[in-house]
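Chemist: Sequence:
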Amino acid sequence: MRNGLIPAVRKAAFPPSVDERTTLLILGSLPGDASIRQGEYYAHRGNAFWSLMSDVLGDDLRALPYAMRLKRLRTRGVGLWDVIESADREGSLDSAIRGAEFRDLRGFIARLPALRAIAFNGKTASVQGRRQIGTATELTMIDLPSSSGAYAMLSRDKKAEAWRTLRQWIAPSQH
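Per the working numbering, residue 1 is the first one in the sequence shown, and the count goes up by one each step.
No lab work stands behind these hints, which were simulated from the structure alone. Glycine included, every Cβ here is placed at the ideal spot set by N, Cα and C. One or more of the hints may lead you astray.
Unchecked claim - In silico BS3-like pairs for lysine-lysine, Cα to Cα no more than 27 Å straight-line:
| no. | residue 1 | residue 2 |
| --- | --- | --- |
| 1 | Lys158 | Lys123 |
| 2 | Lys158 | Lys11 |
| 3 | Lys71 | Lys11 |
Stated by the list, open to error - Computed Cβ-Cβ distance ranges for the label pairs, DEER-style:
| no. | residue 1 | residue 2 | range |
| --- | --- | --- | --- |
| 4 | Ala162 | Ala114 | 21 to 27 Å |
| 5 | Gly39 | Ser155 | 28 to 34 Å |
| 6 | Asp143 | Asp104 | 19 to 25 Å |
Go ahead and model the full structure; you've got the sequences and the hints to work with.
Modeler: Encoded structure:
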């Protein structure tokens, strides 16, 4: 510990939430501290992910227990994962990520037979994800404004407008 700085902590991402019906894969960067503590994607109350996806699906996911949220997403063909396997990071900001170990996204997406589109939740996910996947793909790749509350350049309404473009990749509701 030099100059009184607290060393960054190695943080690891979660397993993917996908199945053979996944048509849309939403990739984030690396879970933040609140998510890691709770073991849930997008757990920080300031993160608009569950609100944005509720709007996209026309189904209030926020009222459901976490396991049911994931199940509802999978039922509608939506999978979740992150582009970074693990990294050193103090706090939750993507700008603090150091020494990232990346996923094998190409290999992973090759195992999703129904996959048609990948959406990147924020700039870090897009830059790193596109670098990993490359251009040799027929999948549609969509850049989304980050659902993080730390990304305040856009209002929630503007974010929701951008996220609604995902509707074309969502399976119809089964209930």
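Chemist: Output the numbers, in ascending order, of every earlier hint that fails for this structure.
Modeler: 2
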